[in-house]
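Use the sequences and the hints to build the structure in full.
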Amino acid sequence: MPEPRDWDREWLELSAGALDAVSRADTLEAVEAARVDLLGRERGRLSALLKSLKDLPIEERKRLGPQANALKDAIEKGLESRRKALDAKALDAGLAAARIDLSLPPPPWPRGRRHPVSETLREMTDILSRLGFALAEGPLVENDRNNFEGLNIPADHPARDVQDTFYLRDLPLLLRTHTSPVQIRHMEANKPPIRIMAPGRVFRHEAVDASHSAVFHQVEGLYIDRRVTMADLKGTLSLFMRGLLGPKAAIRFRPSFFPFTEPSTEVDVRCLLCAGAGCAACKRSGWMELLGAGLVHPNVLRFCGIDPAQWSGFAFGVGVERLTLLRLGVPDIRMLYENDVRVLEKLS
Amino acid sequence: MRVSYAWLKELLPGLTLTPEALSERLLNLGLEVASLERTGPAFTGVVIGTVVTKDKHPNADRLSVCTVSDGTASFPVVCGAPNVAAGQRVAFAKAGARLPGDFHIKKSKIRGAVSEGMICSTKELGLPDTGLDGIMVLAPDAPLGTDFASTLGPGDTFLDVEIPSNRADCLSHLGLARELAVNLALTVRPPAAAALSETGPAPLPVTVADPAACPRYTGRLVEGVTVGPSPDWLKLRLEGLGLRSINNVVDVTNLVLMELGQPLHAFDADKLSGGRLEVRNARPGETLKALDGKERALTAEDLVIADGSAPVALAGVIGGEPTGVTEATTRVFIECARFSPSRVRRAAKHHGLRTDSSFRFERGLDPAGQAGAAGRAAALIVATAGGRCGPLSDTAPAAPARPLVMVSAARINEILGTAHPAEAVEGVLRRLASDVRDAGPEMGFVPPSWRLDLATPQDLAEEAARHLGYDAIPEEISPARMPVPSVHGPADLRERLADALAGLGFTEAMTYDMVSDKEVDLLLGPASAVDALDRPVRRDDLARLLNPLSEDWAAMRPTLLLGLLKSARLNQNRGVHAVRLFEEGRVYAKDGPALAERARLSGLWAGPWPERAHWRRPAQAPDAHEVQGLLAALLRRWPVSFRPAGPSDGLFHPKASVQVLVGGRLAGRAGELHPETLRRWDLRGAGSAFELDLEALLASPAAPARYSPVSPFPAVERDLSLYVDEGLEYGGLEAVVRALGLPALARVELIDVYSGSGVPAGRKSWTLRFTFSLADRTLADADIKAAMDAVMAADIVKDSIPRT
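From first to last, the protein sequence lines are chains A and B. For what it's worth, our numbering labels the leading residue of the first sequence as 1304, then goes sequentially. For what it's worth, our numbering labels the leading residue of the second sequence as 2, then goes sequentially.
Take the hints with a grain of salt, since some may be wrong.
Across the chosen pairs, the derived CB separations fall in these ranges [unchecked claim]:
#1 236/B - 1472/A: 29 to 37 Å
#2 616/B - 1414/A: 54 to 62 Å
#3 1637/A - 112/B: 50 to 58 Å
#4 759/B - 1402/A: 26 to 34 Å
#5 1465/A - 18/B: 28 to 36 Å
#6 404/B - 1447/A: 26 to 34 Å
Think of the hints as simulated: they come from the structure by calculation, not from any bench. Positions of the beta carbon are idealized from the N, C-alpha and C atoms, including for glycine.
So this is what it looks like as structure tokens:
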């Protein structure tokens, strides 16, 4: 007959040292050793004790069981907290030891960019698009009918002087001198109301120098509706210009002449460089001409099959390169078509 | 047009605006003043003095010390001019005088001698250079002590006014005065119409062959004239406007041109043969020696004035030299006519002769102005050159009918969006025209004869707007009946692709649409080339310009690659070797009797990237694989595939280039550039390029974005290393695997390529990675095994499994 075990003594011995041993473990290995010693499935001292509880009389079991389970929970919690503390310490030590030279040159990532003229074009069409203008396009090679005749510029008209033209050989075609032919194409194909913008390339047969390019870009706008007035034109273009140049941009409308509009106006903005004080860029006038506009000439409406007694509208055209050059401080328009990537890198 | 402020004031006595204020006013009328120039004395404090004594300067060989008197006091003056002498009357700048260039005259000591003023040269006073050195010596009777500036007459201000092409009526001083009179509510004082006693001979008979070409021809004879220098007032007036004084008769015609805007021509009537004139087309073989001294061959397009034997003037453009007025002339025939604007314009263009006269004829003359101008000129000729003037001949004395424009203040306000009081609008119209008829709610407006541009209510609305001010028009936002906002397929596509390319590291370029033959030769080389759509690019199909600016711009580009190659070369020449550019734009080719203009997107990559060696990034050469990858990324929403391009193209590498198929349809070319292309363009390193036809791309719409489930179950990967036949193309192998139709196979990838030691001869090592996944369950080992067994059973795979 085996000697009855002294449960109380065993319990005291175990509970007195167990938690202490856990809290003393100062490496992950020591924590694991403590776990095996106490809770190991085979040899763990507490495991063994718990296993043998079933041999006790019911009263003893009721007395010792909860105590033993509480100790097991406490040991498990203690082990876990030691493990976490030691993990954190190890991580901190690792980070403290790390040596990373962040002054090393980082690797290059692709740095592409849009052309500065594209950026200005997009800015203009974005603003107009918010003002309700839909995009329209046309070919760059046009005929005389759409580029001149439909726009009230008959053959031998002196207004053709300012629109010197490239003609194609062997074909009755020309390179469009403005984006206005898109007006004709659109009005012939669509019924009013019409509200379009037409960005694109245009061509002028003129000597190329620092401020003149034979190839450049314009954005055309056209609005046809019932009773469209000069006041509507002023309101819309004023919004357009302030959208483009800032809410405080000063704008001036003055009379001008275009064969395809009547009345016609030129829109000036306060010089972007000297703010009106007078400089070489604005020829000392304090103003810069940015845009030409007017009410669509009745002859143009009639040409496109639109009854001028029923409908009226305004049209405008704005150059893209000039504003781009001014804003970016580019001294020579030819630089925009040369594609020196070192220059383009600075411009957008 | 150069305008004399003083002259304008003579015609508009009520004008009180300063030249600056006038400029501002003209600007707001749509007549921009490009520049203002003041003439006349630009000095003060200079009087007429006399040199009393002249002595040598004690300390300077070239200077003299003079005593100068202004009639009341004498002053010591040091003078350096060699021509100074006692007794001369001179322009004497006293202490306190101001000379041009902000030069103040003060009492001073010059080399020890006191000087209380300066004896002036023309240059020092800013006066016209006489060509004489030294001080200005005045007439011996010049009044001593008088302010020298006052003896030179008043100065003037000249305005350079830009006249729009519809306002020919403003191309004269009278015209501008009329415009300002409307604006300022002033009255014009027209040039004095001296009574002409028409006692001279009858005019030469004139016949007009085609009244459409010459709607009106008037003329007068003046006999007994004495041709000589013009009087000072006439000379000064013309010289002020930048015109050279020739003789009194010619000067009068020029004066009337500048005054009334009507060009005139004076013939020496004795040199006109046959005693008659004819306005007709030039005949084949006829020539004209013009007043500029050049002999010009005429064509039947040219309208000429001819005498009994030959052309004597190119109508409206220039007169002939043999019949011009000279010192020997005694009988003058004055021509004052109206010619067809387009005939004059074509002749001026054809002969490269833009004259003050042609400029005005082109823009249209006052049809009622000829008789008056002829009278004015005759009177001035008689006044300056003497003689007797004969009566006027006139081929069309009746003034042409004027239009009647029905308009109301309400209609004008409706056009402008203004609320001008009716009186204000009507006031402008009544000042504009003397003939305004009341007709109930509207009025009938008859434009004055010189306003050819006024024919519609819109024209009159512009008049009202100009004279009442564009600033008076309010700014309103149209009551928007907005059209449905529409997307624009082609533009949206271009923007998306261009943004994506920029994101992929390409810089957008813009090149000219025009190219030179030399560049086309560089592009095509000796071989043939095809474009993005596999169409041959031929020199014969180039769209060529009729009037190129220079040889550099002879034709329209057949491909965007030309401009990109040129830009790449420029960058490499400037030391940038890695160039990645793209451009979107149009390309052109003749297409039978028409022209094909197509939208393209091209890219070019020359030199390895990154350009500089870097510790982390090995440089990547721009080979065909890279470009295929680039296009796959760029066109990820489209079903893109590639197929080898044929050898028909000398632009791309015959082996390392592909056709780009989108949805099975040919949409572009891509790959490495032909070594010959690189050599011809002088490009260093390798280079690749692509060109996409955007219309072809648009014809194969991108797959619409749409949800489909992704598998929640883990995917399984299996790698398979093969020693495949050296000649095997990967596409063939992958096609075999795909043809198995394995249901769980999600991806096949080539993850390693190796040849060299350890690989059997004639073979290369490829490692493929197979990824399996099912949407509805976790894969079982058996599924994978079955799939891999099927792969390995395929002939081409079976033969390639390494034997261990």
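We went through each hint and held it up to the structure:
1. The hint said 29 to 37 Å for the Cβ distance between residue 236/B and residue 1472/A, and at roughly 50 Å that hint is violated.
2. For residue 616/B paired with residue 1414/A, a C-beta distance near 19 Å fails the hint of 54 to 62 Å.
3. In this structure the hint that residue 1637/A and residue 112/B lie 50 to 58 Å apart at CB holds, the actual value being about 55 Å.
4. One distance hint, 26 to 34 Å for the beta-carbon pair residue 759/B and residue 1402/A, is violated here, with the actual separation near 38 Å.
5. With their beta carbons about 29 Å apart, residue 1465/A and residue 18/B fall inside the hinted range of 28 to 36 Å.
6. The supplied range of 26 to 34 Å is met by residue 404/B and residue 1447/A, whose beta-carbon atoms lie about 27 Å from each other.
Violated hints for the displayed structure, listed by number in ascending order: 1, 2 and 4.
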